[in-house]
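Asks: Chains as they are written, first to last, in this note's numbering: chain X, 1 to 254; chain S, 1 to 221.
Hints are computed from structural coordinates only; laboratory data are not their basis.
C-beta atoms are modelled at their ideal positions from N, C-alpha and C, and glycine is treated no differently.
Any given hint could turn out to be false.
[Unchecked claim] Sample of chain X residues with no beta-carbon within 10 angstroms of chain S, all distances over it, derived:
#1 Leu50
#2 Gly55
#3 Met68
#4 Arg86
#5 Glu110
#6 Ala121
#7 Glu126
#8 His205
#9 Gly229
#10 Arg242
[Stated by the list, open to error] BS3-like, lysine-lysine: derived pairs with alpha carbons at most 27 angstroms apart:
#11 X/Lys26 with X/Lys79
#12 S/Lys135 with X/Lys79
#13 X/Lys26 with X/Lys194
#14 S/Lys159 with X/Lys139
#15 X/Lys6 with X/Lys79
#16 X/Lys6 with X/Lys88
#17 S/Lys135 with X/Lys88
#18 X/Lys18 with X/Lys6
#19 X/Lys88 with X/Lys224
#20 S/Lys135 with S/Lys216
#21 X/Lys120 with X/Lys139
#22 X/Lys88 with X/Lys120
#23 X/Lys139 with S/Lys135
#24 S/Lys135 with X/Lys120
#25 X/Lys224 with X/Lys249
Chain residues, written in single-letter form:
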Amino acid sequence: MIRFDKVLKAYGALEVLKDLDFSVEKGEVVSIIGPSGSGKTTVLRVLMTLEDIQGGTIYVDGEPLNRMDVNGQLVEASKAHVRRIRAKLGMVFQSFNLFPHMTALQNCIESPIYTQGLSKAEAVEEATRLLDMVGLADKAGHYPSQLSGGQQQRVAIARTLAMHPEVLLFDEPTSALDPEMVGEVLSVIRDLAKSGRYTILLVTHQMGFAREVSDRVCFFDAGKMVEEGVPGDLFGNPRNERLRQFLSKVLEAS
Amino acid sequence: MDWRWDFTFEVVLPRIWQAAGVTVWATVVSFLLALVGGLVLMLLKTHRSAWISRPATEFIEVIRATPLLVQIFFLFFLLPEVGITLPPLTTGILALAIYNSTLCAEVYRAGFQAVPSGQWEACVALNMSTYRTYKDVIIPQSLPPIVPALGNYLVAIFKETPLLSFVAVAEIMQVSKLIGSEYYRFTEAITVAGIFFLVMSLVAAFLIRLVDQYVKRSILH
Ligand SMILES: Nc1ncnc2c1ncn2[C@@H]1O[C@H](COP(=O)(O)OP(=O)(O)O)[C@@H](O)[C@H]1O
Ligand SMILES: [Mg+2]
Numbered sequence: 001m002i003r004f005d006k007v008l009k010a011y012g013a014l015e016v017l018k019d020l021d022f023s024v025e026k027g028e029v030v031s032i033i034g035p036s037g038s039g040k041t042t043v044l045r046v047l048m049t050l051e052d053i054q055g056g057t058i059y060v061d062g063e064p065l066n067r068m069d070v071n072g073q074l075v076e077a078s079k080a081h082v083r084r085i086r087a088k089l090g091m092v093f094q095s096f097n098l099f100p101h102m103t104a105l106q107n108c109i110e111s112p113i114y115t116q117g118l119s120k121a122e123a124v125e126e127a128t129r130l131l132d133m134v135g136l137a138d139k140a141g142h143y144p145s146q147l148s149g150g151q152q153q154r155v156a157i158a159r160t161l162a163m164h165p166e167v168l169l170f171d172e173p174t175s176a177l178d179p180e181m182v183g184e185v186l187s188v189i190r191d192l193a194k195s196g197r198y199t200i201l202l203v204t205h206q207m208g209f210a211r212e213v214s215d216r217v218c219f220f221d222a223g224k225m226v227e228e229g230v231p232g233d234l235f236g237n238p239r240n241e242r243l244r245q246f247l248s249k250v251l252e253a254s
Numbered sequence: 001m002d003w004r005w006d007f008t009f010e011v012v013l014p015r016i017w018q019a020a021g022v023t024v025w026a027t028v029v030s031f032l033l034a035l036v037g038g039l040v041l042m043l044l045k046t047h048r049s050a051w052i053s054r055p056a057t058e059f060i061e062v063i064r065a066t067p068l069l070v071q072i073f074f075l076f077f078l079l080p081e082v083g084i085t086l087p088p089l090t091t092g093i094l095a096l097a098i099y100n101s102t103l104c105a106e107v108y109r110a111g112f113q114a115v116p117s118g119q120w121e122a123c124v125a126l127n128m129s130t131y132r133t134y135k136d137v138i139i140p141q142s143l144p145p146i147v148p149a150l151g152n153y154l155v156a157i158f159k160e161t162p163l164l165s166f167v168a169v170a171e172i173m174q175v176s177k178l179i180g181s182e183y184y185r186f187t188e189a190i191t192v193a194g195i196f197f198l199v200m201s202l203v204a205a206f207l208i209r210l211v212d213q214y215v216k217r218s219i220l221h
């Protein structure tokens, strides 16, 4: 479903992703763990086309994201090509990024109406169903500033689901939350992971949660994926030295 | 001081009142043009292609680095040379609009940049078009800082209109000078002109405050 082929991402001289090879199968739930600054967020951002890449190719469903095939030749992707592929992806941000001047419901119907061409009634019906699913049916008319962090993040998840993406990208979705709100958001993500309807890429510091929901866990260090495996192996029997150090530090802290 | 009320009421007020229409018209039209022109200039200036952004940036620099009066004269004498003959009022409005659109462009740029980058990113992640991104997300959120700044330019344009008297546009300043030289009496005409500008500026400032409050109330919850 997703394949990074020798992807290079650099800010000037700083190489953040170094010839990264990495792939995710359709329907797979993959967690990305690693120390701060190792390039975890960047993996999601280049995939979501929030950043361009300096080398390599990213494939979504077999199609290159930043290039397109014109008569057998790969050329710079057009806007339409990027938008068509991007429609398969949805991203949930660490800081929610809800539109503050729109209610929860308006946040969830904006793009379905104008990007997917749904009628207002259809979009409202769908958004209401999704807000109900994340446990916020009674908050549809509230503005983000009137919601707690956990509620805002759940609205953001509903807003992403309203676009019917096949792949969900979560960037530390609970890092900006007070501890008592982490559970309500994880429980929504858990249901999505268990549903089997989505391919999920989750960047997280919640090792317990990663272990519980993931089919596979990937450890990133300094712009490279240095170890991957099923959660039991990776957490139970880490081979890489850096991963062992990382895990012992994280376990110490919690 | 020698002040004649009969002269004020019979000659000065009626003629200044007529001229006030020209002043207000010039102000409003050039302000509206500057609002649109500023947006266009800002979009050109921030365009990804250097072929578009460079000329726009240079144009803005040139306009800002030269006095408005010089630009008015420039258009007034240059346009006929290249075969475009416009009435002085139209030329004046054009000059005011161009000058102020470069200032408005900066207001828009600052306002749009003040919107957190996460808002732009959410629009990309939701696959929204550039048009919808600006119209529904960026512009509404940047209005609170933009509206008062643009309001100040409305008042500024209003106070710049006397410059049009240099190319004989029959606005307030020009008409009061004419009255003065026709009757050899300047006191009444210049005073009335000054009072008109003062009152209108105060009224405009009051209206801008109302609009500003309305925008803040309806956008920030
Ligand atoms: N806009 C940027 N400009 C320069 N460096 C950046 C930028 N964004 C991220 N980086 C750098 O890229 C590296 C990886 O960042 P990131 O992917 O956010 O790491 P992580 O999410 O694993 O903590 C860090 O060293 C960070 O400082
Ligand atoms: Mg990060």
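Asks: Indicate, hint by hint, whether the structure satisfies it.
Replies: Verification of the hints:
{"no.": "1", "hint": "Leu50", "in the structure": "violated, 5 angstroms"}
{"no.": "2", "hint": "Gly55", "in the structure": "holds, 20 angstroms"}
{"no.": "3", "hint": "Met68", "in the structure": "holds, 17 angstroms"}
{"no.": "4", "hint": "Arg86", "in the structure": "violated, 5 angstroms"}
{"no.": "5", "hint": "Glu110", "in the structure": "violated, 6 angstroms"}
{"no.": "6", "hint": "Ala121", "in the structure": "holds, 19 angstroms"}
{"no.": "7", "hint": "Glu126", "in the structure": "holds, 14 angstroms"}
{"no.": "8", "hint": "His205", "in the structure": "holds, 20 angstroms"}
{"no.": "9", "hint": "Gly229", "in the structure": "holds, 29 angstroms"}
{"no.": "10", "hint": "Arg242", "in the structure": "holds, 30 angstroms"}
{"no.": "11", "hint": "X/Lys26 with X/Lys79", "in the structure": "holds, 25 angstroms"}
{"no.": "12", "hint": "S/Lys135 with X/Lys79", "in the structure": "holds, 19 angstroms"}
{"no.": "13", "hint": "X/Lys26 with X/Lys194", "in the structure": "holds, 14 angstroms"}
{"no.": "14", "hint": "S/Lys159 with X/Lys139", "in the structure": "violated, 49 angstroms"}
{"no.": "15", "hint": "X/Lys6 with X/Lys79", "in the structure": "holds, 23 angstroms"}
{"no.": "16", "hint": "X/Lys6 with X/Lys88", "in the structure": "holds, 22 angstroms"}
{"no.": "17", "hint": "S/Lys135 with X/Lys88", "in the structure": "holds, 24 angstroms"}
{"no.": "18", "hint": "X/Lys18 with X/Lys6", "in the structure": "holds, 8 angstroms"}
{"no.": "19", "hint": "X/Lys88 with X/Lys224", "in the structure": "holds, 25 angstroms"}
{"no.": "20", "hint": "S/Lys135 with S/Lys216", "in the structure": "holds, 17 angstroms"}
{"no.": "21", "hint": "X/Lys120 with X/Lys139", "in the structure": "holds, 19 angstroms"}
{"no.": "22", "hint": "X/Lys88 with X/Lys120", "in the structure": "holds, 22 angstroms"}
{"no.": "23", "hint": "X/Lys139 with S/Lys135", "in the structure": "holds, 25 angstroms"}
{"no.": "24", "hint": "S/Lys135 with X/Lys120", "in the structure": "holds, 18 angstroms"}
{"no.": "25", "hint": "X/Lys224 with X/Lys249", "in the structure": "holds, 20 angstroms"}
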